[in-house]
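**Student:** Here is how the chains run, residue by residue.
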Amino acid sequence: EPEVTQTPSHQVTQMGQEVILRCVPISNHLYFYWYRQILGQKVEFLVSFYNNEISEKSEIFDDQFSVERPDGSNFTLKIRSTKLEDSAMYFCASSESDFNYGYTFGSGTRLTVV
Amino acid sequence: QKEVEQDPGPLSVPEGAIVSLNCTYSNSAFQYFMWYRQYSRKGPELLMYTYSSGNKEDGRFTAQVDKSSKYISLFIRDSQPSDSATYLCAMSGNTGFQKLVFGTGTRLLVSP
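Protein chains in written order, with the numbering used here: chain A, 1 to 114; chain B, 1001 to 1112.
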């Protein structure tokens, strides 16, 4: 069964450092998303991406965050200057159509900012 | 009022029991309703998907949507220890690739 692949599974970084979280969506999917889940809290939407541009972003997704699809397979989330409160699980997801049949999520990257 | 409310549990049941999981919501624009299962430190896995009101059945799982009451349910028949996980409801609006709004999740424990 096709899956969304995320790397690394766990990343530890120092406060103020830049991190890039990587995702390989399912190959025929066209819509891409990042969500995050702070430990013990709900899964929260960060950003959606289609046709090489951001479709929608949440208030969490401020100027410290950016997304990119650098080639035909990867989808990345960059945090420019990490803060302690950025520590969370970050999930990439993709979907085939815009009719919201339900995304496929990756297993996540656990980001720990120290 | 929170946009999506879900009892966090935990809900403990014996093997073979019928499980009922529920969410309420406040945004009448929601049209798509989903249930995800999440194991510890893993990504959400789509279980059921429903558009608008009605019932949908898939094996041991039944999803119900009552838009008039803004209430959705997931029933699990003949529950198994392997069903032990956190169950997340999620919903979104009527236009393309809208963000999913999740509930907090209900932790389910099925004992042998």
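Please keep in mind that the hints were generated in silico from the structure rather than gathered at the bench.
Cβ coordinates follow ideal geometry from the N, Cα and C atoms, glycine included.
Do not rely on the hints blindly, as some may be mistaken.
On the chain A side, residues computed to face chain B include the following (Cβ under 8 Å) [as the list claims (entries may be wrong)]: (1) V43; (2) S48; (3) F61; (4) D63; (5) F65; (6) R69; (7) F91; (8) G106; (9) G108.
Derived DEER-like restraints, expressed as beta-carbon distance ranges [said to hold, decoys possible]: (10) H10/A - K1067/B: 37 to 45 Å; (11) I20/A - R1041/B: 18 to 26 Å; (12) P1081/B - L84/A: 31 to 39 Å; (13) V114/A - K1067/B: 18 to 26 Å; (14) Y1039/B - T13/A: 19 to 27 Å; (15) N1055/B - R22/A: 33 to 41 Å.
Straight-line C-alpha distance at most 25 Å; calculated BS3-like pairs for lysine-lysine [stated by the list, open to error]: (16) K1042/B - K57/A; (17) K42/A - K78/A; (18) K1099/B - K1070/B; (19) K1070/B - K1002/B; (20) K1056/B - K83/A; (21) K1002/B - K42/A; (22) K78/A - K1042/B; (23) K57/A - K42/A; (24) K1056/B - K57/A.
**Student:** That 31 to 39 Å hint for P1081/B and L84/A (C-beta), does it hold up?
**Tutor:** For P1081/B and L84/A the Cβ distance comes to about 37 Å; the hint holds.
**Student:** Regarding the hint that F91/A lies at the interface with chain B, is the smallest CB-CB distance below 8 Å?
**Tutor:** F91/A check passes; min Cβ-Cβ to chain B is 5 Å, inside 8 Å.
**Student:** Answer holds if the nearest beta-carbon of chain B is closer than 8 Å to that of R69/A; otherwise answer violated.
**Tutor:** violated (15 Å)
**Student:** Hey, K1056/B versus K57/A, does the alpha-carbon distance stay inside 25 Å?
**Tutor:** violated (31 Å)
**Student:** If I claimed the Cβ atoms of N1055/B and R22/A lie 33 to 41 Å apart, would that claim hold in this structure?
**Tutor:** Distance hint for N1055/B, R22/A holds at roughly 40 Å.
**Student:** Does G108/A pass the interface check with chain B, least Cβ-Cβ distance below 8 Å?
**Tutor:** holds (5 Å)
**Student:** A closest beta-carbon separation below 8 Å is what the hint needs, so does V43/A meet it against chain B?
**Tutor:** Hint on V43/A: holds, closest Cβ of chain B at ~4 Å, below 8 Å.
**Student:** Do the numbers back the hint for F65/A, that is, is its least Cβ distance to chain B under 8 Å?
**Tutor:** violated (15 Å)
**Student:** Taking the closest Cβ pair, is F61/A under 8 Å from chain B?
**Tutor:** violated (11 Å)
**Student:** Double-check D63/A for me: the hint is only fine if its C-beta lies closer than 8 Å to a C-beta in chain B.
**Tutor:** violated (19 Å)
**Student:** Is the hinted range of 19 to 27 Å satisfied by the C-beta distance from Y1039/B to T13/A?
**Tutor:** holds (25 Å)
**Student:** Holds or violated: S48/A as interface residue toward chain B, Cβ cutoff 8 Å?
**Tutor:** holds (5 Å)
Comparing the model with each numbered hint stated earlier shows that hints 3, 4, 5, 6, 13, 20 and 24 do not hold.
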